[in-house]
Amino acid sequence: MNDLDRELDAALARLRDEALPESALASVRAGVRERIQAGRRQRIWTAWLSLAAAAAVAWIALAIPWTVSTLRLAAPRTPDVASIALARPASSMTAGSGGIAEPSVMQPEARLKPGRSLKAAPPRGASSRAAALEKVRREPGIPPPEPVREEQTQFMRIITDDPNVVILWAMNSKGETR
Amino acid sequence: MALASITDGLAWGSESKEAALERLMGLHERLVLRTAWRMLGSREDAQDAAQEVFLRLYRHLGSVDEPTVQSWLYRTTMNVCYDLLRRRPKTGELLVEPSHSPDAGDSIEEAEKRSLLEAGLKRLTPQERAAVVLCSIEGLSSAEAALALGVSEGTVRSHLSLARTRLKEYVGRFWR
Numbered sequence: 000m001n002d003l004d005r006e007l008d009a010a011l012a013r014l015r016d017e018a019l020p021e022s023a024l025a026s027v028r029a030g031v032r033e034r035i036q037a038g039r040r041q042r043i044w045t046a047w048l049s050l051a052a053a054a055a056v057a058w059i060a061l062a063i064p065w066t067v068s069t070l071r072l073a074a075p076r077t078p079d080v081a082s083i084a085l086a087r088p089a090s091s092m093t094a095g096s097g098g099i100a101e102p103s104v105m106q107p108e109a110r111l112k113p114g115r116s117l118k119a120a121p122p123r124g125a126s127s128r129a130a131a132l133e134k135v136r137r138e139p140g141i142p143p144p145e146p147v148r149e150e151q152t153q154f155m156r157i158i159t160d161d162p163n164v165v166i167l168w169a170m171n172s173k174g175e176t177r
Numbered sequence: 000m001a002l003a004s005i006t007d008g009l010a011w012g013s014e015s016k017e018a019a020l021e022r023l024m025g026l027h028e029r030l031v032l033r034t035a036w037r038m039l040g041s042r043e044d045a046q047d048a049a050q051e052v053f054l055r056l057y058r059h060l061g062s063v064d065e066p067t068v069q070s071w072l073y074r075t076t077m078n079v080c081y082d083l084l085r086r087r088p089k090t091g092e093l094l095v096e097p098s099h100s101p102d103a104g105d106s107i108e109e110a111e112k113r114s115l116l117e118a119g120l121k122r123l124t125p126q127e128r129a130a131v132v133l134c135s136i137e138g139l140s141s142a143e144a145a146l147a148l149g150v151s152e153g154t155v156r157s158h159l160s161l162a163r164t165r166l167k168e169y170v171g172r173f174w175r
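Which chain is which? The protein sequence lines are A and B, in order. With numbering that gives the first Met the number 0 as the guide, the letters of the first sequence map in order to residues 0 to 177. With numbering that gives the first Met the number 0 as the guide, the letters of the second sequence map in order to residues 0 to 175.
Treat each hint with caution, since some may be false.
Listed next, the in silico EDC-like pairs over lysine to aspartate or glutamate satisfying Cα-Cα at most 16 Å (straight line) [claimed, not checked]:
1) Lys-16/B - Asp-8/A
2) Lys-16/B - Glu-65/B
3) Lys-112/B - Glu-33/A
4) Lys-121/B - Glu-168/B
5) Lys-121/B - Glu-33/A
6) Lys-112/B - Asp-2/A
7) Lys-121/B - Asp-44/B
8) Lys-112/B - Glu-65/B
9) Lys-167/B - Glu-17/A
10) Lys-167/B - Asp-8/A
11) Lys-167/B - Asp-4/A
12) Lys-121/B - Asp-64/B
13) Lys-16/B - Asp-47/B
14) Lys-167/B - Glu-33/A
15) Lys-16/B - Glu-33/A
16) Lys-112/B - Glu-6/A
Computed spacing ranges between beta-carbons, pair by pair [what the hints assert, rightly or not]:
17) Ile-63/A - Asp-82/B: 45 to 55 Å
18) Ser-68/A - Lys-16/B: 11 to 21 Å
19) Trp-47/A - Thr-154/B: 25 to 35 Å
20) Arg-71/A - Ser-62/B: 49 to 59 Å
These are calculated hints, taken from the structure and not from any lab test. Cβ coordinates follow ideal geometry from the N, Cα and C atoms, glycine included.
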């Protein structure tokens with residue numbers, strides 16, 4: 000090792016022992032503290048934003064099903080299939096009363112004495128029928144007629160997907176359908 | 000100077016991260032700033048690099064053992080300096096900023112020698128400069144420098160030899 004090597008080593012070693020300015024060291028410390036504080040503030044903001052986002056998502060997830068169920072309850076509910084049993088006898092329904100026109104096959108049949116022809120029967124109707132029954136009751140030897148068993152017709156309304164198409168299904172007690 | 004002679008072996012498990020960082024900064028801030036200053040040649044850049052090093056230490060405080068913190072600091076300082084040197088625009092000759100202002104005790108000859116040496120360091124490649132800074136200025140062994148630089152010992156010795164040759168060529172013209 001020559002003199003230049005030794006001189007170089009000594010100069011390099013002296014560089015290590017040089018004192019650094021205190022202002023530079025203080026600046027480093029202050030910068031580190033400031034950046035740590037800034038990072039902490041950013042983490043707090045990020046945590047708050049994440050919390051708010053999670054709360055918003057949770058609120059939406061709860062509010063949508065609740066709103067949908069509320070709207071379903073508020074809307075008029077139409078059953079898919081409705082079964083209507085007519086309380087009034089078919090014979091008492093008239094077209095003018097807003098009811099369904101009575102089909103002829105559902106007319107109650109009057110008990111006729113043997114030998115009497117249908118031609119002699121009074122015209123059908125509520126009043127004529129009552130008069131006929133009273134006449135029969137007044138004749139001696141003739142037992143009072145058994146009360147006519149009123150037939151009930153059940154109507155079933157079937158609603159299809161098309162609001163303009165409604166299927167009415169009528170079925171009497173004999174099982175006859177139309 | 001050996002690494003083990005500097006570390007005090009204290010554990011920071013019981014103290015807060017901030018307190019541990021403050022204590023480690025007090026112990027090693029000169030080492031980090033001095034190394035970065037020699038590598039970058041600029042006080043501002045060295046301060047930025049030192050701040051970045053201690054921020055990384057703060058983030059990795061749980062994964063760095065105190066006996067190895069000095070080696071970790073050297074390695075991180077070198078990585079940060081390399082990053083800054085890569086990002087620095089190449090504008091030709093860098094302005095040599097003396098890290099030490101001569102006081103009354105310094106002779107003019109000593110001050111000139113120091114300025115020449117710093118200018119010579121600037122002319123080295125970053126790898127050569129790192130080898131000189133770690134081995135010749137900081138006093139690390141080739142193995143410790145290799146660990147800090149992430150290269151083999153042979154590479155460190157090669158860079159160091161080349162750097163010394165170039166330094167002697169540069170300063171020899173003025174020192175004689």
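Could you work out which earlier hints the structure fails to respect and list their numbers in ascending sequence?
-> 1, 3, 5, 8, 9, 12, 13, 14, 18, 19
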